[in-house]
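Student: Residue strings, one per chain:
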Amino acid sequence: DVKVTQSSRYLVKRTGEKVFLECVQDMDHENMFWYRQDPGLGLRLIYFSYDVKMKEKGDIPEGYSVSREKKERFSLILESASTNQTSMYLCASSLGLAGFLLYEQYFGPGTRLTVT
Amino acid sequence: EDKVVQSPLSLVVHEGDTVTLNCSYEVTNFRSLLWYKQEKKAPTFLFMLTSSGIEKKSGRLSSILDKKELSSILNITATQTGDSAIYLCAVNNAGNMLTFGGGTRLMVKP
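Quick note, the sequences are listed as chains F and W, same order. Numbered according to our numbering, the first sequence spans residues 36 to 151. Numbered according to our numbering, the second sequence spans residues 11 to 120.
No wet-lab data here; the hints were simulated from the structure. Take these hints with a grain of salt, some might be off.
Said to hold, decoys possible - Calculated cross-link-like contacts (lysine-lysine; reagent style DSSO-like; alpha-carbon spacing at most 30 Å): (1) K90/F to K50/W; (2) K50/W to K48/F; (3) K48/F to K106/F; (4) K50/W to K38/F.
To be verified - Incomplete in silico selection of chain W near chain F, CB under 10 Å: (5) V14; (6) L19; (7) Q48; (8) F57; (9) M107; (10) L108; (11) T109.
Claimed, not checked - Just the calculated beta-carbon pair ranges, DEER-fashion: (12) D73/F to D12/W: 16 to 24 Å; (13) F55/W to K106/F: 15 to 23 Å; (14) E107/F to E49/W: 21 to 29 Å; (15) L80/W to F55/F: 19 to 27 Å; (16) K88/F to I64/W: 26 to 34 Å; (17) L76/F to G63/W: 30 to 38 Å; (18) G69/W to E107/F: 31 to 39 Å; (19) N39/W to L76/F: 18 to 26 Å; (20) T149/F to Q90/W: 44 to 52 Å; (21) G92/W to M123/F: 16 to 24 Å.
In this text, all values refer to a predicted model and were calculated from it rather than measured experimentally. Each residue gets a CB set at the ideal place from its N, CA and C atoms; glycine is no exception.
Chain F on its own, in the form it takes in the complex (with noise of 0.2 Å):
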């Protein structure tokens, strides 16, 4: 079973502060993603990863960045939080591409992160 794990299941932080968010997976998969919940907006994708060092921004990177120096490591890094970044973050891998289908994601827990 692919296993991805976040590294705190509640974060509560204060405004200004910079926060790490970590996501590893098992299963040796090529991309990682980092998605936002929040109610009535379904998941928005922050930023995903698709090789070691390598990232693209989704549709709503600003005021994050990513890093991912290891396969299996995928951090999402909030500079300088604030209050608007209060939300569920959910990491999420799967499997590289293969032709033009992209393989099932797998999500982590999520991290519900609040901004005071």
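Starting from the known structure of chain F, arrange chain W on it as the hints suggest.
Tutor: Showing chain W alone in chain F's frame:
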């Protein structure tokens, strides 16, 4: 801008009922459509659809894609309380990215 819209937003049914959830999309370079079920934690994968008219089935759940209508439906027959969840539809439009719909919240009452 790519868009995925799900309906209804929420649904309350009784055990044993059959439900149909809808997903419509406007994307460039459609590749595949995926359905996920999300309970308390992470979404879990249900189906991936790439071809029109071919039903995918898993137990009481089934799904079909209509590329002409740019839509998909997810059917759940003989619903159980354990089917209560948010059902997410996502479309792969290019490369490795998915665009998600807002989800349908299903509640199944005993």
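Student: Could you run down the list of hints and mark each one as holding or not?
Tutor: Here is what the structure says about each hint:
Only pairs whose Cα atoms come within 30 Å are accepted, and K90/F paired with K50/W is accepted, the gap being roughly 29 Å. Of the supplied pair hints, the one linking K50/W and K48/F holds, its CA atoms being roughly 23 Å apart against a limit of 30 Å. The straight-line distance between the Cα atoms of K48/F and K106/F is roughly 28 Å, inside the 30 Å bound, and the hint therefore holds. Distance hint between K50/W and K38/F is fulfilled; the C-alpha atoms sit about 17 Å from each other, no more than 30 Å.
A least Cβ separation of about 8 Å between V14/W and chain F falls short of the 10 Å threshold, and the interface hint therefore holds. Interface hint status for L19/W: upheld, as the beta-carbon distance to the closest one in chain F is roughly 8 Å, under 10 Å. The beta carbon of Q48/W comes within 8 Å of a beta carbon in chain F, closer than 10 Å, and the hint placing it at the interface holds. At a threshold of 10 Å, the smallest CB-CB gap from F57/W to chain F is about 9 Å, leaving the interface hint in force.
At about 6 Å, the closest approach between the beta carbon of M107/W and any beta carbon in chain F falls short of 10 Å, and the interface hint on this residue holds. Proximity of L108/W to chain F holds as hinted, the smallest CB-CB distance being about 7 Å (cut-off 10 Å). Checking T109/W against chain F by beta carbon gives a least distance of about 8 Å; that is within 10 Å, so the hint holds. Distance hint for D73/F and D12/W: a CB-CB separation of about 18 Å, consistent with the stated range 16 to 24 Å.
At roughly 21 Å, the beta-carbon separation of F55/W and K106/F lies within the given 15 to 23 Å, and the hint holds. Distance hint for E107/F and E49/W: a CB-CB separation of about 26 Å, consistent with the stated range 21 to 29 Å. Between L80/W and F55/F the beta carbon distance is about 40 Å. The supplied range of 19 to 27 Å is therefore violated. Checked against the given bound of 26 to 34 Å, the beta carbons of K88/F and I64/W, roughly 39 Å apart, lie outside it.
As the Cβ distance of L76/F to G63/W is approximately 31 Å, the hint placing it in 30 to 38 Å holds. Here the CB-CB span from G69/W to E107/F is close to 32 Å, well matched to the stated 31 to 39 Å. Roughly 24 Å separates the CB atoms of N39/W and L76/F, a value that falls within the hinted 18 to 26 Å. Hint check: T149/F to Q90/W, Cβ distance near 34 Å, so the stated range 44 to 52 Å is violated.
For G92/W paired with M123/F, a C-beta distance near 22 Å keeps the hint of 16 to 24 Å intact.
Of the numbered hints stated above, those contradicted by the structure are hints 15, 16 and 20, listed in ascending order.
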